[in-house]
Amino acid sequence: MSTATASGPGGTRNNLALGALGLGAFAIGTAELVIVGVLNLIADDLDVSLSTAGLLVTAYALGISVGGPLVTAATIKARRHTLLCAALVAFVLGNLAAVFAGVFGLLVVARVLCGALHGLFLGAASAVATGLVAPEHRGQAVGLVFGGISVSTVFGVPLGTLLGQNLGWQATFAGVAVLGVVALVVIMVWVPAVRSSGSGGLGSQARHALHPRVLAMLAAQVLLMGSQFIAFTYLAAFLEDVTGISGAMVSVFLMIFGVFSAIGTFAGGRFADVNASRTLLVGNAVLVVGLLGLYVFGESRPLVGVALALWGLVGFGVTPALQLRVISLAGEGADLAATLGASAANVGVASGAAVGGWALASFGVEDVPLTALVFAVLALPAVWATRFLKVPAARTPAAGAVPAAAGDTTPVPAGG
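Its first residue numbered -2, the sequence shown is counted upward by one per residue in our numbering.
Quick caveat, the hints were computed from the structure, so don't treat them as lab data.
Backbone N, C-alpha and C define an ideal beta-carbon position, used for all residues, glycine too.
Check the hints yourself; a few may be wrong.
Distance windows between CB atoms, simulated [what the hints assert, rightly or not]: (1) Leu207 - Val175: 34 to 40 Å; (2) Gly99 - Val286: 39 to 45 Å; (3) Glu237 - Lys74: 33 to 39 Å; (4) Trp355 - Asn12: 43 to 49 Å; (5) Leu13 - Glu237: 36 to 42 Å; (6) Gly200 - Phe152: 27 to 33 Å; (7) Val249 - Thr49: 44 to 50 Å; (8) Leu90 - Glu237: 22 to 28 Å; (9) Arg298 - Arg384: 36 to 42 Å; (10) Val175 - Val286: 35 to 41 Å.
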């Protein structure tokens, strides 16, 4: 398979390839997020508490945050296209294992496995996407990939929830496995090989990807994503117990969140190409407003819908900017850093789910959004501070190097 040349959005071949990567992200995004819609079903069927069932969210996130970088490190010299396909094959098998997991412990293991493959896939997909387009369009390319995850909240999560409510939670995991097979076939056909964004072996990649400037950006990402998943993990329970809706209406409200998440992600990619740091700060501020509205107006269906729309618009809308900043700050460690971005996000997911479970058990579901709001406010100064992180200057103008988004920072030497 020939190496693709960089080009801007609009080329049919590259657009098909980006769409295929987005479809793969749709499958893994559905697997990650649909669990919140069937947690109560799993808790009842496997005879565990709802807060214990919430550990399935934590398990998946820990799989991404720990397993993803480990698998990426072990395969750092492998072709990205090969990794994409191998990750999806194992992902399908992991979800089939979840279908037949008759005890809670086995289901946790399956979720950890699928989470690790999720991290591997997203890192490889980000590297491939940025290699398909011109430098000034890389935010949009990342947005198209991560847009698959946000679109999964529009269709995958509500439909998977509906499937589980009617046929049992096992049917939800079976549906995810089918999605994985479809994504695998499309990627095999449409995605070409591209030159790596990073350079060197594991040691060289790790030295750049674990630089303090990258770690600082990742820490802000943990706070930003963690605040959201404190509330999102138990959103279905909040809608049922506080807002007073149930059944299909829960799926409708999840779809509202998902529609605006999709809009925000695609728009966020464009804004990230202009100024990624400013996009993050504005997104964080709007997130605070959305969570405040959810807490204050939780009993009003129309206002809850508005709050979910605001939250959805920026919740995933900041993802392209986060990923672009992490990759840019890593310089020659871009391949490994692409997975670390997903890893940090899911450290936030795991810690957010755990904190949300604590808030649920300690204060009740009505105060879970308030807990999320506190952490979203704490994220504001951290996100603001990342504006001053400097992007390393490329040692050579090699193809595939990822520059800073316009308006972010002034380059400094790679070792600085």
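Going down the list of hints, with the structure as the test:
no. : hint                        : in the structure
1   : Leu207 - Val175: 34 to 40 Å : holds (38 Å)
2   : Gly99 - Val286: 39 to 45 Å  : holds (44 Å)
3   : Glu237 - Lys74: 33 to 39 Å  : violated (49 Å)
4   : Trp355 - Asn12: 43 to 49 Å  : holds (44 Å)
5   : Leu13 - Glu237: 36 to 42 Å  : holds (41 Å)
6   : Gly200 - Phe152: 27 to 33 Å : violated (42 Å)
7   : Val249 - Thr49: 44 to 50 Å  : violated (28 Å)
8   : Leu90 - Glu237: 22 to 28 Å  : violated (33 Å)
9   : Arg298 - Arg384: 36 to 42 Å : holds (38 Å)
10  : Val175 - Val286: 35 to 41 Å : holds (38 Å)
In the structure shown, a violation is registered for the earlier hints numbered 3, 6, 7 and 8, in ascending order.
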